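Here's the letter readout for the chains.
Protein chains: 4
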Amino acid sequence: MNFSVLLIHCPDQPGLVFKITQVAYRHNLNIISNGEFVERNSNHFFMRTAFSGSFDEAIFLSELQAALPPEAVVKLSLRKKRDLCILVTKEHHCISDLLVRHAFGELDANIKCVISNYSDLERLTSKFDVPYHHVAHENKTREAHEEEILHILDHYNPEFLVLAKYMRILTPAFIQRYPNRIINIHHSFLPAFAGANPYTQAYDRGVKIIGATAHFVNEQLDEGPIIAQSIIPVAHTHSAKEMAQAGRDVEKIVLARSLKLVVHDQLFVHRNKTIIFD
Amino acid sequence: MNFSVLLIHCPDQPGLVFKITQVAYRHNLNIISNGEFVERNSNHFFMRTAFSGSFDEAIFLSELQAALPPEAVVKLSLRKKRDLCILVTKEHHCISDLLVRHAFGELDANIKCVISNYSDLERLTSKFDVPYHHVAHENKTREAHEEEILHILDHYNPEFLVLAKYMRILTPAFIQRYPNRIINIHHSFLPAFAGANPYTQAYDRGVKIIGATAHFVNEQLDEGPIIAQSIIPVAHTHSAKEMAQAGRDVEKIVLARSLKLVVHDQLFVHRNKTIIFD
Amino acid sequence: MNFSVLLIHCPDQPGLVFKITQVAYRHNLNIISNGEFVERNSNHFFMRTAFSGSFDEAIFLSELQAALPPEAVVKLSLRKKRDLCILVTKEHHCISDLLVRHAFGELDANIKCVISNYSDLERLTSKFDVPYHHVAHENKTREAHEEEILHILDHYNPEFLVLAKYMRILTPAFIQRYPNRIINIHHSFLPAFAGANPYTQAYDRGVKIIGATAHFVNEQLDEGPIIAQSIIPVAHTHSAKEMAQAGRDVEKIVLARSLKLVVHDQLFVHRNKTIIFD
Amino acid sequence: MNFSVLLIHCPDQPGLVFKITQVAYRHNLNIISNGEFVERNSNHFFMRTAFSGSFDEAIFLSELQAALPPEAVVKLSLRKKRDLCILVTKEHHCISDLLVRHAFGELDANIKCVISNYSDLERLTSKFDVPYHHVAHENKTREAHEEEILHILDHYNPEFLVLAKYMRILTPAFIQRYPNRIINIHHSFLPAFAGANPYTQAYDRGVKIIGATAHFVNEQLDEGPIIAQSIIPVAHTHSAKEMAQAGRDVEKIVLARSLKLVVHDQLFVHRNKTIIFD
Numbered sequence: 007m008n009f010s011v012l013l014i015h016c017p018d019q020p021g022l023v024f025k026i027t028q029v030a031y032r033h034n035l036n037i038i039s040n041g042e043f044v045e046r047n048s049n050h051f052f053m054r055t056a057f058s059g060s061f062d063e064a065i066f067l068s069e070l071q072a073a074l075p076p077e078a079v080v081k082l083s084l085r086k087k088r089d090l091c092i093l094v095t096k097e098h099h100c101i102s103d104l105l106v107r108h109a110f111g112e113l114d115a116n117i118k119c120v121i122s123n124y125s126d127l128e129r130l131t132s133k134f135d136v137p138y139h140h141v142a143h144e145n146k147t148r149e150a151h152e153e154e155i156l157h158i159l160d161h162y163n164p165e166f167l168v169l170a171k172y173m174r175i176l177t178p179a180f181i182q183r184y185p186n187r188i189i190n191i192h193h194s195f196l197p198a199f200a201g202a203n204p205y206t207q208a209y210d211r212g213v214k215i216i217g218a219t220a221h222f223v224n225e226q227l228d229e230g231p232i233i234a235q236s237i238i239p240v241a242h243t244h245s246a247k248e249m250a251q252a253g254r255d256v257e258k259i260v261l262a263r264s265l266k267l268v269v270h271d272q273l274f275v276h277r278n279k280t281i282i283f284d
Numbered sequence: 007m008n009f010s011v012l013l014i015h016c017p018d019q020p021g022l023v024f025k026i027t028q029v030a031y032r033h034n035l036n037i038i039s040n041g042e043f044v045e046r047n048s049n050h051f052f053m054r055t056a057f058s059g060s061f062d063e064a065i066f067l068s069e070l071q072a073a074l075p076p077e078a079v080v081k082l083s084l085r086k087k088r089d090l091c092i093l094v095t096k097e098h099h100c101i102s103d104l105l106v107r108h109a110f111g112e113l114d115a116n117i118k119c120v121i122s123n124y125s126d127l128e129r130l131t132s133k134f135d136v137p138y139h140h141v142a143h144e145n146k147t148r149e150a151h152e153e154e155i156l157h158i159l160d161h162y163n164p165e166f167l168v169l170a171k172y173m174r175i176l177t178p179a180f181i182q183r184y185p186n187r188i189i190n191i192h193h194s195f196l197p198a199f200a201g202a203n204p205y206t207q208a209y210d211r212g213v214k215i216i217g218a219t220a221h222f223v224n225e226q227l228d229e230g231p232i233i234a235q236s237i238i239p240v241a242h243t244h245s246a247k248e249m250a251q252a253g254r255d256v257e258k259i260v261l262a263r264s265l266k267l268v269v270h271d272q273l274f275v276h277r278n279k280t281i282i283f284d
Numbered sequence: 007m008n009f010s011v012l013l014i015h016c017p018d019q020p021g022l023v024f025k026i027t028q029v030a031y032r033h034n035l036n037i038i039s040n041g042e043f044v045e046r047n048s049n050h051f052f053m054r055t056a057f058s059g060s061f062d063e064a065i066f067l068s069e070l071q072a073a074l075p076p077e078a079v080v081k082l083s084l085r086k087k088r089d090l091c092i093l094v095t096k097e098h099h100c101i102s103d104l105l106v107r108h109a110f111g112e113l114d115a116n117i118k119c120v121i122s123n124y125s126d127l128e129r130l131t132s133k134f135d136v137p138y139h140h141v142a143h144e145n146k147t148r149e150a151h152e153e154e155i156l157h158i159l160d161h162y163n164p165e166f167l168v169l170a171k172y173m174r175i176l177t178p179a180f181i182q183r184y185p186n187r188i189i190n191i192h193h194s195f196l197p198a199f200a201g202a203n204p205y206t207q208a209y210d211r212g213v214k215i216i217g218a219t220a221h222f223v224n225e226q227l228d229e230g231p232i233i234a235q236s237i238i239p240v241a242h243t244h245s246a247k248e249m250a251q252a253g254r255d256v257e258k259i260v261l262a263r264s265l266k267l268v269v270h271d272q273l274f275v276h277r278n279k280t281i282i283f284d
Numbered sequence: 007m008n009f010s011v012l013l014i015h016c017p018d019q020p021g022l023v024f025k026i027t028q029v030a031y032r033h034n035l036n037i038i039s040n041g042e043f044v045e046r047n048s049n050h051f052f053m054r055t056a057f058s059g060s061f062d063e064a065i066f067l068s069e070l071q072a073a074l075p076p077e078a079v080v081k082l083s084l085r086k087k088r089d090l091c092i093l094v095t096k097e098h099h100c101i102s103d104l105l106v107r108h109a110f111g112e113l114d115a116n117i118k119c120v121i122s123n124y125s126d127l128e129r130l131t132s133k134f135d136v137p138y139h140h141v142a143h144e145n146k147t148r149e150a151h152e153e154e155i156l157h158i159l160d161h162y163n164p165e166f167l168v169l170a171k172y173m174r175i176l177t178p179a180f181i182q183r184y185p186n187r188i189i190n191i192h193h194s195f196l197p198a199f200a201g202a203n204p205y206t207q208a209y210d211r212g213v214k215i216i217g218a219t220a221h222f223v224n225e226q227l228d229e230g231p232i233i234a235q236s237i238i239p240v241a242h243t244h245s246a247k248e249m250a251q252a253g254r255d256v257e258k259i260v261l262a263r264s265l266k267l268v269v270h271d272q273l274f275v276h277r278n279k280t281i282i283f284d
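Residue numbers (this note's numbering), protein chains in the order written: chain A, 7 to 284; chain B, 7 to 284; chain C, 7 to 284; chain D, 7 to 284.
Rather than coming from a laboratory, the hints here were simulated on the basis of the structure.
Computed from a prediction, not measured in an experiment: that's the story for all the values here.
Among the hints, a few may not be true.
Note that identical chains are pooled: a pair holds if it fits in a single copy or bridges any two copies.
Claimed, not checked - No farther apart than 35 Å at their CA atoms in a straight line, the calculated lysine-lysine pairs in the DSBU-like style are these:
1. K247 / K87
2. K81 / K146
3. K118 / K96
4. K146 / K86
5. K266 / K133
6. K118 / K86
7. K247 / K86
8. K81 / K247
9. K118 / K87
10. K247 / K146
11. K118 / K133
12. K247 / K133
So here's chain A without its partners, still in its complex pose (with noise of 0.2 Å):
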C-alpha cells in the first residue's frame, strides 16, 4: 500500500492532536492509522500518523509547523524503501538471514552492500547479487579503519546501517555520523555476564533463558535504546555451543523484528529509550 508517515514530538500540552488532525483534516489526508503516547516522566509527546491522499508537501508541513509549539519535530517519510548498509564480521546468522528476506521481497528495504573486516562472509553475499566490502582491520587504527569504511558508505548514502554480528567496538565519532541510525543486535542474559565468553558463563551459572535484544547504537556499548528482545528456553543438558546456537537462533529473529519497526518509521527514539507504535 502506498503511503507516508508523519512523526511528530514535542513537549505535551493541551490540544497537540487537535491542532495536528485539523491540518490534516484540511487537505484531505485519509489516516490509515494513528497512534500517540505521551511519556509520563517526561511529559513528551508523540504522534505518528500513517495516512494515504495526495497533498502539498511544502504547504502541509508549513502549516503543521504553524500549529504547533516551535520546539516540535516534524518528520514526514514518504513511503518508499529505505537503503540499508549491513557490517558483519564472521558470524553468518543474522546476514544470511537479512540476504534471504531482502532476496524475497520481504524486508522492505534495499540492502546496498555488505562491509566486513573479514572475507568469510563474501561467498555467501555474493550467492544474492549484494556488493561485499572486505575492509581488513590489522594493521590499521582504530579510525583508520573506520575512515575506510565511512568512505564506502559515503557512496552508498543509507539511512541506517545494521550491524549483524559486527564484533568491533564503533568509536563515538563513527556513531555520530549515524545519530540512532545504527541497530545493534547481541544476546542477552538473565542475568547478564559481562567479559569473555559469555555463553561458558552462561553454562557455568546453569541459565534457563538465551535472550537477544536489538537496539540503537550509542555512545554507551550495548546500553542504547533497546527495539526489540525475545528469548529461548536452554537446559543444563545443552552445552555452550549448544547455548550459543540457540543464541544464534534468537538473534536472528529479533534483528529482523526490529527492522520491520526502523524501515516502517514504527519508533520514536527519546533519550534512552524507543517509543514503539506497532
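Following the hints, put chains B, C and D in place on chain A, whose structure we already have.
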C-alpha cells in the same frame, strides 16, 4: 490517578480524530493517553481517550454526538472501581489469586460476591470477607439453577461476571443478560483437544506447550473474543497431573491480566475479536 | 566428537538398566550420557546411551539381546551425518533456513536434494549447490505424482524426509514407506483453526499468540507425534499478513530445532508421542 | 505415590551406572525413574533414581558405598513432605501464592512458619493458620537480628528456607548455617540493572521483557545457582508500576516451580549451577 475514559467507535470516515479532539479541546480536557485504531477489514474506527479535568458531562456528550456520525457509539466511563461477581465450581487457583489481589488492592475492582454450584471454596472465600453463595445445581433444570444465580446477581448488580473455572455451560438466555460482560478463562493447547480430560490428551500427544486463553463469553462456547493469552513450556517427562498444574499457573496469571484490561476500559469488542489499548 | 548412540525400548521390568550397563561395562564402553524414561501409562521402558570406545558391534548387540527380554528393540546408531531429502512447495522460509545452516555446517546432516511440485525455489536452492527436482503435479493422479517423487527418493535413499512447507497431502501408501521418518512443520494456534486461511481466521478472532509445531507424519494428517513447539506473541494491530510473517519466523526455528533432535537420535516415537532426551 | 529418591554424585568413571543398578537390582528395588548426567567441564557424574519397594536402608547404603569410589556422595531421601520456613518483608505476592498452594495441598511441603522484619503480612498469614513471627530489625545489629531469627528457626528445624521477597541481605555466617538450603526469588532483566529502583531503570531503558530468577543463596548475593527462570513481555506503554506488577506475577510462578524441584529432590547443586532432573 483520577481520570475518565472515553470510548468511541463508528464506521471510519475522514476527520473523526479531529472532530473528537476539537470537542475535548473546547472543554479544556487534559488528554493523558489517546489511542486510535481502524480495523481494515470492516473499515471501523475505534478511539480510546483517557483524560483528566472537570467538565459538564451532558454538554460534552451532546457536543460529541453532534460532531460524530449518527451511528457512533460513545461511552464515557468515569474512573471508579468496577463491581464484579465471580462464579466458580471447585478449583481454587483462579479465585484464590483474585481474592488475594483484591485483599491487597491490586485488582482495581470490587469483588461483590463469589457464587458456586459447590461449597468447596466457601472456607477460602470467607477468609477474605467476601460473601459466598452456594447454589447447588442438583435436581434442578439448567434454567432453574441459572434463575437462582440471576436472582443473586440482581442483588449485587455487577458490571462484569468472571467465570473463574465455573464448569457449567451457560444458556444463551443467561449470556444475553450480560453481553460482552462475562469473562471466562480456559486452558488452550497447540493443537486443541476436544472432549474430556484435555490434559490426558495433551500428555498422550506429548505437547510441549500449555496455554491459557481469557475471553468474553458469547453464545459460541469458548469461542468468544480473546482478551489475553499466554503459555508455559512442558515436557514429556511431566505427568498429566503436572501438566494440569502448569495449566493452572498460566490460567490464573492470564485471567488477572485480562481483568486489568477489562476494568480499566482498555478494550473494545468488535465482531469476534477485541481491540486492545494496552 | 565421535560417539555412538544406543537406543533401547521394551516393556518395563526390574533390572533393565543394570543388565544393559553390565554389557556396556564388559565392553569397556565409555558412557557419555545416559537417559532412561519409563512411560507410566504403558509401563514401557526407554533408554538412550551415547558412548565412545571401540567394540565389536555384532558381539555387543548379541550380548545385549541375550540380556534383554525378547521384545526389546535395540538400535545401535553409529555417529554419522544423516541423509535428508526436503520437500517444498513455494514458501521459502524453512528451506532457505535449512540450506543456510547446511552450507555453514550447522545442520549436522546432508541435504541430498530438494523436491518440489513447483519451480519457484529452484533458483534459491541452486545457489547452495543442492540438486532441485521439479515434479509438477498438474494432470497427474496423486499416486502417479508420488510415484515420481518416490523414484527420485529411491535414488538418494534418505534416512529422513523433511516437509519444509510441502503443501500437498501424502497418501497413506507414501507415508508407510517412511514410517516415523517424515518430519513436518505447521503453524499452530490457540485455539486451533480448521479449514482455509488460518491466519485470516486468527486475525478475525484476535489471537495473541502464533505457534508452530514440528511433528512426525503418520496417517492422521497434522496429528502425528510432536517433536518441538514454540510460539511468538502478536497483537490485534498486526494484519493477517504480519501474523503470517510471525508464523514463518517461528516455524523455521522450530523445524531446525526438531531436526537437531532427529538427526542426533535424541528421541523415540512411542504411540502418538515422542520421548525426548535433550 | 510412595517412593524414595537416591541421589549420587562423584567424579565420573566407567561402570558407575552398572555398579549402582546392580546393588538396586539385588535389593529388588523397582526403579520408577532414573536420570544420569555427566557434567563435561568437570567430568563429574550425577545420578537421581526414584524407586519403590521395601529394603534395609543401612545395608543398601553400605553396599552402595562399597561399590562406589570413596569420594562418592550418596543421599537417600525417603519420600516425605519437607519442612519449610519462609522469610518475608512486606510484599505479599509470593507468600500469598505459597500459602494458598499449601492450604490446598499443592505445595507438597509443610510451611512451618513465616518470619518477617515487619508485621504487614501477619493478617494474611494468620488466615491460613500458619505461625507468623515478627522480628523487627530496628535498632539491632544485623547479627543480633539474625540471631533472633536463627533462634526461631532452631525451634522449627526446617530443611529449607524460602526468601519470598525478604529484602534484607543475609550475613555469610547465616548463609553457612543453611548451605544450598536457602531459595531466593528476584526479578531479572535483559540487560541487568544494578542499584535501586530496578523497575524505574527498566522503564527508562524501555525493556520489552521482565524476568524472574529463583536461585539458591550463597555468599555471592543474587548470584547463586539458578533453579528456574521465566519471563513476561512488557511494552513502553506500561508504567514502571505496571512493569513491577508483571514482575510480581512472574516471580510467584517461578518461585513455586523452583520449590517443586527442591522438595521433590529433583536437583543437585554443582559448583555454581544446578543439575535438574525434571
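When no copy is specified for K247 and K133, does a C-alpha distance of 35 Å or less occur within a copy, between copies, both, or neither? both (28 Å within a copy, 28 Å between copies)
Tell me, please, which holds for K266 and K133 at an alpha-carbon limit of 35 Å: within, between, both or neither? both (23 Å within a copy, 26 Å between copies)
Are the CA atoms of K247 and K87 at most 35 Å apart within a copy, between copies, both, or neither? between (37 Å within a copy, 18 Å between copies)
Status of K146 relative to K247 across identical chains (alpha carbons, at most 35 Å): So K247 and K146 pass the 35 Å test inside one copy only (32 Å; across, 47 Å).
At most 35 Å between C-alpha atoms: does K118 with K133 qualify within a copy, between copies, both, or neither? Intra 14 Å, inter 20 Å, cutoff 35 Å: intra and inter.
Regarding K118 and K87, is the shortest C-alpha distance of 35 Å or less found within a copy, between copies, in both, or in neither? Within one copy only: 11 Å inside a chain, 37 Å across chains, cut-off 35 Å.
At 35 Å max between alpha carbons, let me know whether K81 reaches K146 within a copy, between copies, both or neither. Answer is neither: 39 Å inside a copy and 57 Å across each miss the 35 Å cutoff.
Given a CA cutoff of 35 Å, do K81 and K247 count as a within-copy pair, a between-copy pair, both, or neither? So K81 and K247 pass the 35 Å test across copies only (27 Å; inside, 45 Å).
Is it within, between, both, or neither for K118 and K96, if the alpha carbons may be no more than 35 Å apart? So K118 and K96 pass the 35 Å test inside a copy (19 Å) and across (27 Å) alike.
Intra/inter-copy verdict for K247 and K86 if alpha-carbon distance must be at most 35 Å: For K247 and K86, only the inter-copy Cα distance (19 Å) is at most 35 Å; the intra-copy one is 41 Å.
Alpha-carbon proximity between K118 and K86, which holds within one copy, between copies, both or neither at 35 Å: Within one copy only: 15 Å inside, 40 Å across.
Intra/inter-copy verdict for K146 and K86 if alpha-carbon distance must be at most 35 Å: neither (38 Å within a copy, 44 Å between copies)
Violated hints for the displayed structure, listed by number in ascending order: 2, 4.
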